[in-house]
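J.: Make the full structure from the sequences, and use the hints.
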Amino acid sequence: GDSVTQTEGQVALSEEDFLTIHCNYSASGYPALFWYVQYPGEGPQFLFRASRDKEKGSSRGFEATYNKEATSFHLQKASVQESDSAVYYCALIGRPSGSWQLIFGSGTQLTVMP
Amino acid sequence: GPKVLQIPSHQIIDMGQMVTLNCDPVSNHLYFYWYKQILGQQMEFLVNFYNGKVMEKSKLFKDQFSVERPDGSYFTLKIQPTALEDSAVYFCASSPRWGQDTQYFGPGTRLLVL
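Same order as they appear, the protein sequences are chains A and B.
Residue 596 in our numbering sits at position 106 of the first sequence; the count goes up by one each step and never skips.
Residue 29 in our numbering sits at position 26 of the second sequence; the count goes up by one each step and never skips.
Simulated crosslink set (SDA-like; lysine to any residue; CA at most 25 Å straight-line):
id, chain 1, residue 1, chain 2, residue 2
1, B, 65, B, 90
2, A, 546, B, 101
3, B, 65, A, 493
4, B, 60, B, 21
5, A, 546, B, 5
6, A, 544, A, 562
7, B, 60, A, 516
8, B, 62, A, 493
9, B, 65, A, 588
10, B, 62, A, 596
11, A, 544, A, 495
12, B, 60, A, 491
13, B, 60, B, 113
14, B, 6, B, 81
Simulated from the structure, these hints should not be mistaken for lab results.
T.: Have a look at this one:
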């Protein structure tokens with residue numbers, strides 16, 4: 491079935507460090523791919539999406555490129571800030587049982603130290 | 004971005020009682036969803052809803068669960084009777100269109116069943 495894998499459960503960085511969070515997916519066709527960010531006590535906030543091979547999504551300095559060959563959608567940011575500390579979820583929209591639904595990865599807790 | 008509201012933010016209830024979780028979706032959205040997140044675990048799809056009907060439900064959507072949106076008011080998730088394993092955060096989401104459209108999430112209702 492459709493699935494999303496995030497390899498890093500936790501990432502700890504200092505301010506101005508470069509960030510990469512890895513996301514790989516398994517699905518047929520061209521699923522839309524998403525990044526959501528979740529702050530403590532809040533729901534997932536849509537960050538950006540991409541819908542076709544080589545499309546780049548971006549928002550607030552974060553970006554990711556849809557790579558169909560590698561089945562990846564890795565999140566990157568050139569210079570993180572303390573305010574970026576949150577849980578980041580990669581997700582895809584699939585139809586594992588006929589109806590569209592978001593399928594989330596397990597999430598990556600990003601902690602940025604001043 | 005678009006705002007989804009959820010009421011209440013927290014609910015503590017005795018096992019066996021009924022609980023209703025309320026969601027106020029984005030005003031021009033037509034498709035509604037419930038997701039469940041147990042502490043420390045992945046977010047999982049429960050059900051989606053359109054035009055007064057359940058479109059699809061997952062195996063997590065037990066017979067004790069029901070959803071409705073009477074006359075354009077709140078989109079509700081009712082659990083009757085509740086069980087200990089229903090303790091989780093329940094997130095409502097909505098999207099304007101069907102298919103691979105972006106879903107926007109509310110802040111969640113934290114349900115504790117004692």
